[in-house]
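There are 2 protein chains.
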Amino acid sequence: MFGFSFKPRNKGKSAQTAKERLQILLAHERGGNGSSPDYLPMLQRDILEAIKKHVHVERDAVDIRMERDDELSSLEINIELPGGRTVQSSASS
Amino acid sequence: MFGFSFKPRNKGKSAQTAKERLQILLAHERGGNGSSPDYLPMLQRDILEAIKKHVHVERDAVDIRMERDDELSSLEINIELPGGRTVQSSASS
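Going down the list, the protein sequences come from chains A and B.
Note that UniProt numbering numbers the first sequence so that position 67 is 67, with each residue one more than the last.
Note that UniProt numbering numbers the second sequence so that position 33 is 33, with each residue one more than the last.
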């Protein structure tokens with residue numbers, strides 16, 4: 001469904017300034033099945049909950065874009081991670 | 001992170017034979033943070049569980065590919081859906 005290529009965006013920047021990021025893309029191709037429910041809004045909530053189980057995510061660090069036409073729904077979630085601190089660790093910045 | 005374009009693969013085929021599909025792509029760009037845990041294996045399990053809450057998925061209908069280099073881990077999950085039957089519905093084919 002997606003044609004995609006991996007392009008780490010900050011190849012040029014030095015490692016220290018490079019941000020840690022998580023990107024999730026979902027596409028639901030309904031294949032002419034008009035009656036099929038739109039799963040993406042439900043999955044969006046579940047996926048964000050799953051991520052928050054493993055890493056602390058600031059509210060304003062999450063960018064969500066959703067698009068839909070008659071055959072294809074897509075959801076893009078971009079999350080800037082706080083340099084890899086996981087929920088359990090008590091390390092403060 | 002991803003450069004991507006949406007290309008519904010079966011544009012030419014008639015709607016009846018077009019399959020219903022769900023595609024999930026995850027990318028974790030560690031931004032030079034070598035100590036950051038690899039979230040993708042954990043997220044893979046949680047995302048599949050989230051999907052199975054909403055739609056019946058046959059074991060052999062799931063294709064998973066994972067790649068990792070020093071800066072970027074990526075996970076691709078392709079799922080062929082059984083024409084939109086949700087877990088609750090008792091409609092049999």
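Don't take each hint at face value.
[Unchecked claim] Subject to a maximum C-alpha distance of 30 Å in a straight line, what follows is the list of computed DSSO-like cross-link-like pairs (lysine-lysine): (1) Lys53(A) to Lys53(B); (2) Lys53(A) to Lys52(B); (3) Lys19(B) to Lys53(A); (4) Lys19(A) to Lys52(A); (5) Lys19(A) to Lys53(A); (6) Lys19(B) to Lys53(B); (7) Lys19(B) to Lys52(B); (8) Lys52(A) to Lys53(B).
[Said to hold, decoys possible] Beyond 12 Å from chain B on every Cβ pair, some chain A residues (computed): (9) Met42; (10) Glu58; (11) Arg59; (12) Asp60; (13) Val62.
If you're looking for bench data, these hints aren't it; they were derived computationally from the structure.
Where a beta carbon is used, it is the ideal one built from N, C-alpha and C, also for glycine.
How the hints compare with the structure:
1. Lys53(A) to Lys53(B): Satisfied, since the Cα-Cα distance of roughly 18 Å is no more than 30 Å.
2. Lys53(A) to Lys52(B): holds, 19 Å
3. Lys19(B) to Lys53(A): Violated. Lys19(B) to Lys53(A) sits at ~33 Å, over the 30 Å cutoff.
4. Lys19(A) to Lys52(A): Since the Cα atoms of Lys19(A) and Lys52(A) sit roughly 18 Å apart, the hinted pair holds (cutoff 30 Å).
5. Lys19(A) to Lys53(A): Holds: Lys19(A) and Lys53(A) sit about 20 Å apart, inside 30 Å.
6. Lys19(B) to Lys53(B): Given pair Lys19(B), Lys53(B) holds - Cα atoms ~21 Å apart, limit 30 Å.
7. Lys19(B) to Lys52(B): Given pair Lys19(B), Lys52(B) holds - Cα atoms ~18 Å apart, limit 30 Å.
8. Lys52(A) to Lys53(B): holds, 19 Å
9. Met42: The claim breaks: Met42(A) does not keep its Cβ more than 12 Å from every Cβ of chain B (closest is about 5 Å).
10. Glu58: holds, 16 Å
11. Arg59: The claim stands: Arg59(A) keeps its Cβ more than 12 Å from every Cβ of chain B (closest is about 19 Å).
12. Asp60: holds, 18 Å
13. Val62: The claim holds: Val62(A) sits with its nearest Cβ about 14 Å from chain B, beyond 12 Å.
In this structure, the earlier hints numbered 3 and 9 are contradicted, and the remaining ones agree with it.
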